[in-house]
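*Asks:* So the chains spell out like this:
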Amino acid sequence: MTPSRPSHAAHTGRRDRLLLYAYAATLVGLSVLHHPGLLAACFLLALLAARQEATALLRQSLAAILALNLSVSLGYLLLASWQAESTAGSARFLLTLNLRVLLMVFLGCWLVRRVNLLAALAPWPTATLLISLALGQIETVRRLVADFRLAFTSRHPAPPRRAARTRHAASQAATLLDKSLAASTEASQALRSRGAFDA
Amino acid sequence: MHIPDGFLAPQIWLPAWGLAAGAWTWAARDLRRRLDEHAVPRLAMLTALAYGLGLIMVPLPGGSSGHLLGVALLTLLFGLRPAFLAYSGVLALQALLFGAGGITALGVNALALGLIGGATAQGLFRLLRPLHEETAVALAAWGSIMVGALVLALVLGAQPWLARRADGTPLFFPFDWSITLPALLLPHALIGIGEAALTLLVWRHARRRGWHALPARAQTA
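So the protein sequences, as listed, match chains A and B. Note that our numbering has the first sequence beginning at 1, numbered continuously upward. Note that our numbering has the second sequence beginning at 200, numbered continuously upward.
Worth flagging that the hints you see were computed from the coordinates, not collected in a lab. As the structure is a prediction and not an experimental result, all values here were calculated from the model. Check each hint, because a few of them may be wrong.
What the hints assert, rightly or not - The following label-pair restraints were derived from C-beta to C-beta distances:
{"id": "1", "chain 1": "A", "residue 1": "R59", "chain 2": "B", "residue 2": "G409", "range": "43 to 49 Å"}
{"id": "2", "chain 1": "B", "residue 1": "D375", "chain 2": "A", "residue 2": "R165", "range": "41 to 47 Å"}
{"id": "3", "chain 1": "A", "residue 1": "A56", "chain 2": "B", "residue 2": "G367", "range": "38 to 44 Å"}
{"id": "4", "chain 1": "B", "residue 1": "E332", "chain 2": "A", "residue 2": "H11", "range": "26 to 32 Å"}
{"id": "5", "chain 1": "B", "residue 1": "G409", "chain 2": "A", "residue 2": "E186", "range": "15 to 21 Å"}
{"id": "6", "chain 1": "A", "residue 1": "R59", "chain 2": "B", "residue 2": "A220", "range": "52 to 58 Å"}
{"id": "7", "chain 1": "B", "residue 1": "P214", "chain 2": "A", "residue 2": "L70", "range": "51 to 57 Å"}
{"id": "8", "chain 1": "B", "residue 1": "L213", "chain 2": "A", "residue 2": "T87", "range": "56 to 62 Å"}
What the hints assert, rightly or not - Each computed SDA-like pair below joins lysine to any residue, with the alpha-carbon atoms no more than 25 Å apart:
{"id": "9", "chain 1": "A", "residue 1": "K179", "chain 2": "B", "residue 2": "T224"}
{"id": "10", "chain 1": "A", "residue 1": "K179", "chain 2": "B", "residue 2": "R406"}
{"id": "11", "chain 1": "A", "residue 1": "K179", "chain 2": "B", "residue 2": "T334"}
{"id": "12", "chain 1": "A", "residue 1": "K179", "chain 2": "B", "residue 2": "L400"}
{"id": "13", "chain 1": "A", "residue 1": "K179", "chain 2": "B", "residue 2": "A335"}
{"id": "14", "chain 1": "A", "residue 1": "K179", "chain 2": "B", "residue 2": "A405"}
{"id": "15", "chain 1": "A", "residue 1": "K179", "chain 2": "B", "residue 2": "L385"}
Stated by the list, open to error - Some chain B residues close to chain A (C-beta under 7 Å, calculated; not the full set):
{"id": "16", "residue": "G205"}
{"id": "17", "residue": "T224"}
{"id": "18", "residue": "L230"}
{"id": "19", "residue": "P240"}
{"id": "20", "residue": "A247"}
{"id": "21", "residue": "G298"}
{"id": "22", "residue": "L326"}
{"id": "23", "residue": "W360"}
{"id": "24", "residue": "L361"}
{"id": "25", "residue": "A365"}
{"id": "26", "residue": "P373"}
We put the CB at the ideal spot given by N, CA and C, even for glycine.
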């Protein structure tokens, strides 16, 4: 017997919520783990569990953390060499810190691919309202910026001058605000018609 | 300026999450009554703007990153409570969708940037508005960036003392206040000027469009 649509949605919401709680518990666990070998083993497990998504997730996670972690790690190395600290101790610390950060970000990226956040947050209606409105706006902004960039590139086969760039940025900003406002007005009217603002 | 995942000891981020949860409950109280279908689209639009601003970031060696926030703008137009909630949503989305900032650090980031930064903007604006409104907007924006950066620098710089091995090696973020304070405050003094200029531009745009008059119920929060 196939489940009815509402009960299937409820089941998915429950599953997503459970995954969200499991993710939160894993973050707590990782925060108290300070052995680089254990962290590496956990990371390997996560990579294996992600299967064919592992490469894309790893690339996404590295892109997110590389610049910041590199600057902190290089800063630490410089300071440690200046203060003549033990190389083994420094290496162990840097391995622990970077593995922990990478693993946490990897799990976050994985969660977003696996879980419908709005379904998982359903018991908290205010959070759902704010996040669904913001997500809608983010998509509007993303599409508009891409359209503007394409139009600007097509109008300027040679590198554009600063004045042209400034005019483009100003008109893009004004359109972004107006268009985004129009889109979210539509969204909030739809919400109102469904009673979202009824106290 | 976000603190990413893995830089904070649990003795900091767990209580911060508890505090932030309390603050979110306080901020969400009566939200639906205070925001109507006119204010919500503007809040959503400026939240998306804050989200976009936060993604253009420069890593700072002090363990954070430098970027515009938009929290002063949200606070001045909608009041502290809706702005704090909206900015917390921005931080959560940036952490989950782009790995910018972190879920473990969300409580600290939300309290420092959304609540304390927003309260600073509101306080400075109320204090300086009688002198000159646009100067008050610019200084409120600059102040919100600087106070947010100061709180994050203090939290990050406390990590080496809070959690370290027996041999003194840190377990989480390794630099103390002698590094985090200048590394975060000096770049943010400049970033704050950009934030002030942007806040002022959008504030003028909002005035021309008459946005600021509508969410009067929200501004009383």
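*Asks:* Now, for every hint given, state plainly whether the structure supports it.
*Replies:* Right, here's what the structure says about each hint:
The hinted window of 43 to 49 Å between R59(A) and G409(B) holds, with their beta carbons roughly 46 Å apart. Our hint of 41 to 47 Å for D375(B) and R165(A) holds, since their Cβ atoms are close to 42 Å apart. Distance hint check for A56(A) and G367(B): the Cβ-Cβ separation is about 39 Å, which falls inside the suggested range of 38 to 44 Å. Under the hint 26 to 32 Å, the C-beta atoms of E332(B) and H11(A), about 54 Å apart, miss the expected range.
In this structure the supplied range 15 to 21 Å holds for G409(B) paired with E186(A), their Cβ-Cβ distance being about 19 Å. In this structure, R59(A) and A220(B) break the distance hint of 52 to 58 Å, their C-beta atoms being roughly 33 Å apart. P214(B) and L70(A) have their C-beta atoms about 30 Å apart, which leaves the hinted 51 to 57 Å range violated. Checked against the hint of 56 to 62 Å, the C-beta distance between L213(B) and T87(A) comes to roughly 33 Å, which is inconsistent with it.
Under the criterion of a C-alpha separation no larger than 25 Å, the hint pairing K179(A) with T224(B) is inconsistent with the structure, at around 31 Å. Proposed proximity of K179(A) and R406(B) is supported: the alpha carbons are some 17 Å apart, at most 25 Å. Among the hinted pairs, K179(A) with T334(B) is inconsistent with the structure: their alpha-carbon atoms are about 29 Å apart, more than 25 Å. Distance restraint check for K179(A) and L400(B): the Cα-Cα separation of roughly 17 Å lies within the 25 Å cut-off, and the hinted pair is therefore satisfied.
Restraint check for K179(A) and A335(B): not satisfied, since their Cα atoms lie roughly 29 Å apart, outside the 25 Å limit. Distance hint between K179(A) and A405(B) is fulfilled; the C-alpha atoms sit about 14 Å from each other, no more than 25 Å. Under the criterion of a C-alpha separation no larger than 25 Å, the hint pairing K179(A) with L385(B) is inconsistent with the structure, at around 36 Å. This hint holds: G205(B) has a C-beta 4 Å from the nearest C-beta of chain A, less than the 7 Å allowed.
Below 7 Å, beta-carbon pairs count as interface contacts, and T224(B) has none with chain A, the closest being about 10 Å; its hint is therefore violated. Using the Cβ-Cβ criterion of 7 Å, the hint placing L230(B) at the interface with chain A is satisfied: the shortest such distance is roughly 6 Å. For P240(B), the interface hint holds, the least distance from its beta-carbon to any beta-carbon of chain A being 4 Å, beneath 7 Å. The beta carbon of A247(B) comes within 3 Å of a beta carbon in chain A, closer than 7 Å, and the hint placing it at the interface holds.
About 3 Å separates the beta-carbon of G298(B) from the nearest beta-carbon of chain A, less than 7 Å, and the hint is met. Because the beta carbon of L326(B) sits about 28 Å from the nearest beta carbon in chain A, more than 7 Å, this interface hint is broken. Hint status for W360(B) relative to chain A: violated, with the closest Cβ pair at about 15 Å, above 7 Å. At about 12 Å, the closest approach between the beta carbon of L361(B) and any beta carbon in chain A exceeds 7 Å, and the interface hint on this residue is violated.
Taken as an interface hint, A365(B) does not check out: its beta carbon lies about 11 Å from the nearest beta carbon of chain A, beyond 7 Å. Because the closest C-beta pair between P373(B) and chain A is about 5 Å apart, less than 7 Å, the hint holds.
Comparing the model with each earlier hint shows violations of hints 4, 6, 7, 8, 9, 11, 13, 15, 17, 22, 23, 24, 25; every other hint is respected.
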